[in-house]
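Enquirer: Sequence:
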Amino acid sequence: MSIDKVVGSAAEAVADIPDGASLAVGGFGLAGIPWFLIEALLEQGAGELEIVSNNCGVDGAGLGLLLEAGRIRKVIASYIGENKEFGRQFLAGEVTVELTPQGTLAERMRSGGSGIGAFFTPTGVGTLVAEGGLPWRYNPDGTVAEASPPKEVRNFGGTDMVLEESIVTDYALVRAAVADKAGNCRFHAAARNFNPPAAMAGRTTVVEAEKVVEVGELGPDDIHLPGIFVKRIVELTPEQAARKSIEQRTTRKRNS
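Just so you know, we're using my numbering here: the sequence shown kicks off at 35 and counts up by one.
These are computed hints drawn from the structure, not numbers from a lab. Please note that the accuracy of each hint is not assured.
To be verified - Only pairs whose alpha carbons sit at most 27 Å apart, straight line, appear in this in silico BS3-like list of lysine-lysine:
#1 LYS265 <-> LYS245
#2 LYS108 <-> LYS287
#3 LYS245 <-> LYS118
#4 LYS108 <-> LYS215
#5 LYS245 <-> LYS108
#6 LYS265 <-> LYS215
#7 LYS118 <-> LYS108
#8 LYS185 <-> LYS39
#9 LYS118 <-> LYS265
#10 LYS39 <-> LYS215
#11 LYS278 <-> LYS245
#12 LYS245 <-> LYS215
#13 LYS278 <-> LYS265
Said to hold, decoys possible - With beta-carbon atoms standing in for the labels, derived distance ranges:
#14 GLY160 <-> ARG286: 19 to 29 Å
#15 ASP194 <-> GLU273: 31 to 41 Å
#16 VAL187 <-> ALA224: 38 to 48 Å
#17 GLU199 <-> GLU281: 41 to 51 Å
#18 GLU165 <-> HIS222: 34 to 44 Å
#19 VAL178 <-> GLU251: 49 to 59 Å
#20 THR271 <-> PRO184: 23 to 33 Å
#21 ILE262 <-> ALA223: 18 to 28 Å
#22 GLU165 <-> GLY137: 31 to 41 Å
#23 GLU165 <-> GLU128: 38 to 48 Å
#24 ARG286 <-> GLY79: 38 to 48 Å
#25 ILE114 <-> ILE37: 21 to 31 Å
#26 GLY192 <-> PRO52: 31 to 41 Å
All of these numbers come straight from a predicted model, not from anything done at the bench. Using N, Cα and C, we set each Cβ at its ideal position, and we do this for glycine too.
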């Protein structure tokens, strides 16, 4: 019996995501983000969401749409990025933000998907990451309402390391260049940075794929994410697959 995880639409794929759900979302900046799953979730209406992602989109695009609609209560990310509304909500005390070193964030998701509860890393030792006190949420008057707690530090082989807890989320939304019907995925270039660990972290992982092929068409060495991690697949149209944006474009005049 063949496996076919393809669903009819992005709306169908995110229909059961409830208020208060946690979601790992792939992409780096705007590269490799699941554009259409995010927009379907915006239309679906779920709120009070906890988002785990490298960043939170930009103003007017990606996860920034959910943020602007007031649908996100907490973000675990590595930077605020170029999203002015994200920065405004954080400083105004409207959203909780747990800033995490970028490599640590990726490993927290990968480890969560691998069944590892926590791990030690030297990243952050000697800083507020390990010692605690990073602002997570502000009061409207600018004082700190919630700060990060101190973390355990131990020495391994002469190097101090800080204990980081792994991340497992209710759902994951990711974008693949190619997926077969069983959910085996291949990612393109920078989209491979955060999509595989985000996909691993989700208990229910949904993939929007630019191209869907039959099982067996992807060679074993071409698979970046095994289908065991994937629950649902949305096949994009060629027009949807071609829609890609970047945060900024800076050009200069050529010398004649």
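Enquirer: Decide, hint by hint, whether the structure agrees.
Expert: So, going through the hints one by one against the coordinates:
1. LYS265 <-> LYS245: holds, 17 Å
2. LYS108 <-> LYS287: At roughly 42 Å apart (the allowed maximum being 27 Å), LYS287 and LYS108 break the hint.
3. LYS245 <-> LYS118: violated, 33 Å
4. LYS108 <-> LYS215: violated, 33 Å
5. LYS245 <-> LYS108: Answer violated: LYS245 to LYS108 is near 32 Å, above 27 Å.
6. LYS265 <-> LYS215: The given pair, whose Cα atoms are some 10 Å apart, holds under the 27 Å limit.
7. LYS118 <-> LYS108: Distance of about 16 Å is within 27 Å: holds.
8. LYS185 <-> LYS39: violated, 40 Å
9. LYS118 <-> LYS265: Since the Cα atoms of LYS118 and LYS265 sit roughly 34 Å apart, the hinted pair is violated (cutoff 27 Å).
10. LYS39 <-> LYS215: holds, 6 Å
11. LYS278 <-> LYS245: Holds, because 15 Å separates the two Cα atoms, which is no more than 27 Å.
12. LYS245 <-> LYS215: holds, 10 Å
13. LYS278 <-> LYS265: holds, 24 Å
14. GLY160 <-> ARG286: 19 to 29 Å: Because 41 Å falls outside the window, the suggested range is violated.
15. ASP194 <-> GLU273: 31 to 41 Å: The hint (31 to 41 Å, Cβ to Cβ) is violated, given that ASP194 and GLU273 are roughly 52 Å apart.
16. VAL187 <-> ALA224: 38 to 48 Å: Violated: the Cβ-Cβ distance is about 33 Å, outside 38 to 48 Å.
17. GLU199 <-> GLU281: 41 to 51 Å: Because 30 Å falls outside the window, the suggested range is violated.
18. GLU165 <-> HIS222: 34 to 44 Å: At roughly 39 Å between Cβ atoms, HIS222 and GLU165 fall inside 34 to 44 Å, so the hint holds.
19. VAL178 <-> GLU251: 49 to 59 Å: For GLU251 against VAL178, whose Cβ atoms are near 53 Å apart, the range 49 to 59 Å holds.
20. THR271 <-> PRO184: 23 to 33 Å: Cβ of THR271 to Cβ of PRO184: about 50 Å, so the range 23 to 33 Å is violated.
21. ILE262 <-> ALA223: 18 to 28 Å: holds, 24 Å
22. GLU165 <-> GLY137: 31 to 41 Å: violated, 19 Å
23. GLU165 <-> GLU128: 38 to 48 Å: For GLU128 against GLU165, whose Cβ atoms are near 27 Å apart, the range 38 to 48 Å is violated.
24. ARG286 <-> GLY79: 38 to 48 Å: Since ARG286 and GLY79 have Cβ atoms about 44 Å apart, the given range 38 to 48 Å holds.
25. ILE114 <-> ILE37: 21 to 31 Å: Between ILE114 and ILE37, where Cβ atoms are some 40 Å apart, the hint is violated.
26. GLY192 <-> PRO52: 31 to 41 Å: violated, 47 Å
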